[in-house]
Amino acid sequence: MECLAASGSEAVVGLLTIFVLAMFVGFEVITKVPPTLHTPLMSGSNAISGITIIGALISAGTRYSALTTILAFVAVAFAMINVVGGFVVTHRMLGMFRRRD
Amino acid sequence: MHASLINFAYLVASVLFIFGLRRLSHPRTAVGGNLVGSLGMLLAILVTLLDRQIASYGIILAGLIVGSLVGVVLAVRVPMTGMPQMVALLNGFGGGASVLVAGAAMLESLGMSAPEAVSAQFFVATAASGIIGAVTFWGSLVAFAKLQEIMRGNPIVFRGQQVVNVALLLLALVLSVRLTLAPTQAPQYYLLIVVVASVLGVLVTIPIGGADMPVAIALLNSYSGLAAVATGFVLSNNILIIAGSLVGASGIILTQIMCKAMNRSLLNVLSGAVGGSAATGPSADQVYAGKIKAASAEEVAMLFDSARRVVIVPGYGLAVSQAQHAVRDLTTLLEARGIEVEFAIHPVAGRMPGHMNVLLAEADIPYEKLKEMDEINPSFAQTDVAVVIGANDVVNPAARTDPNSPIAGMPILDVDKARTVVVIKRSLSPGFAGIPNPLFAADHTLMYFADGKKAILDLIAALKAA
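Listed in order, the protein sequences are those of chains R and L.
If you use the numbering used here, the first sequence closes out at 101, no skipped numbers anywhere.
If you use the numbering used here, the second sequence closes out at 1466, no skipped numbers anywhere.
All the pointers check out, no bait thrown in.
Pairs of lysine-lysine, DSS-like flavour, derived with a Cα cap of 27 Å: (1) L:LYS1369 <-> L:LYS1464; (2) L:LYS1291 <-> L:LYS1417; (3) L:LYS1417 <-> L:LYS1260; (4) L:LYS1371 <-> L:LYS1260; (5) L:LYS1371 <-> L:LYS1417; (6) L:LYS1371 <-> R:LYS32; (7) L:LYS1454 <-> L:LYS1369; (8) R:LYS32 <-> L:LYS1260; (9) L:LYS1369 <-> R:LYS32.
Derived, one-sided and incomplete: chain L residues facing chain R with beta-carbon distance under 8 Å: (10) ALA1030; (11) GLY1071; (12) SER1098; (13) LEU1107; (14) ALA1243; (15) LEU1246.
Calculated directly from the structure, the hints in this document are not laboratory data.
Small disclaimer: the values here were computed from a predicted structure and weren't measured.
Backbone N, C-alpha and C define an ideal beta-carbon position, used for all residues, glycine too.
This is chain R alone, in the form it adopts within the complex (with noise of 0.2 Å):
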C-alpha cells in the first residue's frame, strides 16, 4: 500500500472525490433506514467503521519498529472489538425484529 506521504496534491483529489461521492451514497442509503432499526443501525454501521482494521493489520505485520508493532497491536485488538462486537450485536437485535416473521 502506497502512502499519501509519497503522492501528490492530484492523489489527494482523487481520494476526495471518493470522499464526496460516497457521503452522497452514504446519505442516500442512510436516509431509507427506518426510525425502528436506528440502534442496530449505530451498532452495525458501527462495526463498518471498525475498517480502520485494515491500516491497523499492515502495520503490525511490516513490524518496522517496537513502538509501531506495539501501536499496531493495540490498534488491530480495537479495530477488531469494533468489527466483531458491532457485527455480533446487531445479528442479536435483528433476531429480536425478525422472529415474529
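We have chain R already, so just place chain L on it with the hints.
Relative to chain R, chain L alone:
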C-alpha cells in the same frame, strides 16, 4: 498479491457495505444486510493479510484473537437495556484505532523516507486522524461512563466551558500546522495533538446529560466514521474513505433527526443548555397543587373495561425498570379482550435512537405495532386510554402551549388528547428538562405511582381478577 487485485477486492468489499446498509431499510431484510456487511469486512481483512508488506503474522494473529474475544463477549453479554453504552464503547474503540494507525503510519513513513520528502497532505491527514480519533475515543468513554452510571449522568457545566473548548480546538489546529511545517518533530507534535484532543473529547461530552445522550451517541457515531476517513487519507486507502463516509453520513443523519425531535440546535445540545434554566415558568406546586389524582391498579384496570383502543407510550423509565416483558404480557391480555393496542415511540425516547424499539422487539412485540410520532399523533383523539410508562418531557403539553417553556416548540406525543391518560411513574419528579408537566394535573389523567415493571404486573393481576 498484486496491489491492483487487492484494491479490486476492496472495491467489492465497499459495494458489500453499501448493499448491506441498503438492506437495513426493512426489518425483514436487515439480518441479511448485516451479514452482507460482515462478509465485506471479512473479505477486506483476508485480502489485506495477503499484502506483500506483511512480514510476520504473530502480532496480527494475537491482535485479531484478543479483539475478537473481547468483541464477542461484549456483544453476547450486553442486555438490550445496555445497548446505548455498548454502542458508545464501540464508537470509542473505532476512534482509538484511528489514532494509533495514523500514528504508526507516520512513524513508518518518517523512518523510510527523509522528513522533507513526506508530503504536507500526509501530515494534515495524520493530524486530522489524531484529533477526530482522540475526541471520539475520550468522548465515547465519558458517554459510556455516564450511561453505565460510573459517572453522574447530569450535565457537568462550568463557567467559560465553551471558551475553553474553542481554545483547545484552536490549539490542536495550531499544533497541526506546526506538525506539517516541522516534519522532523512530527512525532512530538502528534503526541501533543492527541493529548489536547483527548482533553477536548472529555470536555465536550461532560456537559451532555441524560435525555441529550441520543444526540451525543449519534454524533460520536459520525465522528468514528470520519476518523476512519481521515486515516484513509493518511494511508491513501479508498475503502477506509468509503466505509468511513457511510458511517459518517449515518451519524450525521441520526444527529439531525435527534436535534429536530427536540427542537434544538446541535450547538445548544452540545453546550448542555437545558436542565439549568428551570427557574422560569410555573413551579411544580403551582401546576400540581390539589390537581393530582392518584389511582390504584384496580382503578386503572377498570378503565380497560370499556376501552376499544389503547396506546402505550414508553420512555426511559421502561428501560430502567426492565418492564418490556411485562408490557408484552399486558398487550397480549388486552388484545385477547378485543382491544386494539399500539405503541407511540418518540424519536428521543430512551438514551439512543431506536432504543425503545429494540427493547420492545426483545419482548416479541411486532414492529408493526410501534408507531412513529407523526403517524400516531392524529389517532390520540380516538384513543380511549393512553398509558405512559416512564416518559415525561416527550409528553409534556407545555411544549405546545407555553412559549416560554424550555421545551417550547419541541414536537411531542399528543397524549393529552386521549380520552383518559394513565401515567405510570415513581413520583412527580421532573424529567430531564427539569420542569413540571401539566399533563399529570389534567382532569382526565390518573397518576399510577409505582416502579414501571411492578405497576404493569399489578395491573395484569387486577385485570385477571376483575
